[in-house]
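S.K.: Each chain, letter by letter, is given below.
Protein chains: 2
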Amino acid sequence: MLIVQKYGGTSVGNIDRIKNVAGRVVRTVEQGNRVVVVVSAMSGETDKLIGFATQISVAPSEREMDMLLSSGERVTSALTAMAVEALGHKARAFTGRQAGIMTDTVHTKARIEKISGDRIRKALDEGYVVVLAGFQGISESEDVTTLGRGGSDLSAVAVASAIKADLCEIYTDVDGVYTTDPNIVPEARKLEKISYEEMLELASLGAKVLQTRSVEFAMKYRVPVVVRSSFNDNPGTLVVEEDKEMENVVVSGIAYDKNQAKITIVNVPDKPGIAAQLFQAVADANVVVDMIVQNISSDGKFADISFTVPKTDTRRALEVTEKIAKELGAERVDKREDISKISVIGVGMRTHSGVASKMFQTLAANNINIAMISTSEIKVSCVIDLKYTELAVRVLHEAFKLAL
Amino acid sequence: MLIVQKYGGTSVGNIDRIKNVAGRVVRTVEQGNRVVVVVSAMSGETDKLIGFATQISVAPSEREMDMLLSSGERVTSALTAMAVEALGHKARAFTGRQAGIMTDTVHTKARIEKISGDRIRKALDEGYVVVLAGFQGISESEDVTTLGRGGSDLSAVAVASAIKADLCEIYTDVDGVYTTDPNIVPEARKLEKISYEEMLELASLGAKVLQTRSVEFAMKYRVPVVVRSSFNDNPGTLVVEEDKEMENVVVSGIAYDKNQAKITIVNVPDKPGIAAQLFQAVADANVVVDMIVQNISSDGKFADISFTVPKTDTRRALEVTEKIAKELGAERVDKREDISKISVIGVGMRTHSGVASKMFQTLAANNINIAMISTSEIKVSCVIDLKYTELAVRVLHEAFKLAL
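Chains as they are written, first to last, in this note's numbering: chain X, 1 to 404; chain C, 1001 to 1404.
For the record, the hints were derived by calculation from the structure and aren't laboratory data.
There is no bait here: all hints are sound.
With a straight-line Cα cutoff of 30 Å, these simulated DSSO-like cross-link-like pairs (lysine-lysine) come out: (1) K1311(C) x K1048(C); (2) K1109(C) x K19(X); (3) K1164(C) x K1220(C); (4) K109(X) x K208(X); (5) K90(X) x K1109(C); (6) K1048(C) x K90(X); (7) K48(X) x K1019(C); (8) K1208(C) x K1190(C); (9) K1109(C) x K1258(C); (10) K122(X) x K109(X); (11) K19(X) x K208(X); (12) K358(X) x K193(X); (13) K1208(C) x K1048(C); (14) K48(X) x K1048(C); (15) K1387(C) x K1208(C); (16) K1090(C) x K48(X); (17) K114(X) x K208(X); (18) K1090(C) x K323(X); (19) K1311(C) x K1326(C); (20) K1190(C) x K1387(C); (21) K1019(C) x K109(X); (22) K1208(C) x K1244(C); (23) K1122(C) x K114(X); (24) K122(X) x K1109(C); (25) K1323(C) x K90(X); (26) K1358(C) x K1244(C); (27) K122(X) x K1114(C); (28) K190(X) x K220(X); (29) K190(X) x K387(X); (30) K1090(C) x K109(X); (31) K1048(C) x K19(X); (32) K109(X) x K1122(C).
Predicted model, so just to flag it, every value in this text is computed and none were measured.
Produce the entire structure from the sequences given, and follow the hints as far as they go.
M.R.: Laid out in structure tokens, this is it:
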């Protein structure tokens, strides 16, 4: 088999752990597989570098930020290649550029546009273990770019797709994907298998085992992904295409996200195109909007528009919204950061009704007020007060009998 | 003026010092100059990374070593560019590759083959301060290479030459070039001016203010260099072409080098070509030989050949020499590491005689035995017992009246 193995920051957090990773890689090779390893920066390293940058500038250049941050993965890739060689196997470390990971020019959250992978394939053919510095690519203008937080997951999945790997293993410090956060619900159960769609919802809703865009990519190119721990030999959770068996499970998991802020533009005179104008401006500011709710006043003349954005983007989103609010003649703009989003996820919802109402009833029975609701085919999300997050997760996990 | 400023590891050793460097850069720009900054890794950083590598492998791959070590300069270049921008000037950080520094493929001590410098010139034309990650380049095979210890000096001089800079300022933690090490001789005097040739001898003899190859490069392409401190505004030492004034000074400085080992191949049957065979083999092992002395026995049948190599290369040189010694039928190979080399340097020697004999007399008068002698047009070097190093430097500094 041709296997891509990605090791996160804690898995390569010190020299002993890097040696442990090399041991796993070599074991996989000795079982007859060809292996591409993708590594993150040693844990703490990226935050240290960000700390340096913020000590120097309140708004450091994003191009320079990428050059700064990409150095951490280069270090681990070189060290990991050395560790594999120390165990008697040939290994080569490659940067994003050397691996041919071409991105757009949006620094600090670049999108992969193309992966040539020529050097990877050649090195594999020559019997090398390839160790790739994750999280980074190179833009058309020959500048180093990074793929955003957790970008090494994306590097791994994208490379797996480019070289047509049989499996992409994401090694982390947890055993796999759980029905919910075991720190909140000790009875949370590890899932053996989960569909791309469910994983995508879980990831975008704050479950930190896989970066959202890496799941999108895996889903789009049908890359089989396994999430497992680098600290034991437990089998992990397989992320694959939806199958019959999955459809029989109505709800697979409960997710929560405390990193959203809610912005409301109040009493904007309602006319066609106001939402388009607002969200175009927000998008132009490179802010990703999650939930959107619009209410029309009873006389139909005014509307309130609420939406959520990542807390880190609150300031930027607020600036843009206030500008637009003035142009549209709205009354004011409100902001709330003490919220969280709770979501119930499951592909079985497509064929089973009643999930949403059960969720609302459960929250109501526990006196948890719902501020916003949004639904998709396989998910129901509610925005609630931040302080009720853990309670909501616990009661929903129980209501949907996820502990089994 | 177009000025290249190189800042060493201690000058960028922490965030405050990086800000201090940015202040100096901005001051230079505001005086009407265009500036290219070349930075080393933060002091201690390179050694930390080397420590990681040696914990992992006794003989880490040199290609991976270069990827590892080059990361330190990337970090400082990005941070320095941010710091310049924080002071209100446009700045761009460039890696060795982005600056177009092409090298050969000899990892860990690559030689610069070509500098395109297109991006540097373009950025300067657009009004940017250019901040270049020193010490690194890119080989034909698109692999990161490093230029050896102190390689950032070479980056600076080479870039200065490529972009035809008016001046290359090397900022370090000392005020300039001294007649000898002030730690040994407190009366040592800072030189206002020194010729490339003298600087080259001083550098290759262990004075640590400038890397040897950077001086060779500066001499070859006539790049005017100033060595000065980043911690004060003292004028430093100008390294330039020899002039009349310099020739009147017979001796400019005393250097010492404790990092050499002496290898002797004893009683090798003398025939044409033995030296060639030996030193070809040593060169093939990538070991740079410094002094060479050959004695023929009184009957002309046997020869002893002694030579010195950097201590770090002793093991490799010894292996090669022992193999050759066997082939040539030599009696044995000896090694001594408790030696040092003391040198007296001055372009005035070309026109004044008696320097060598004065040196030998001075050493003899202090009971210091001479193990090897080598001379050049502007230098006399003696290998002596390591323990007499400081004594020899002091008495020679006095004998040649360098304190003035």
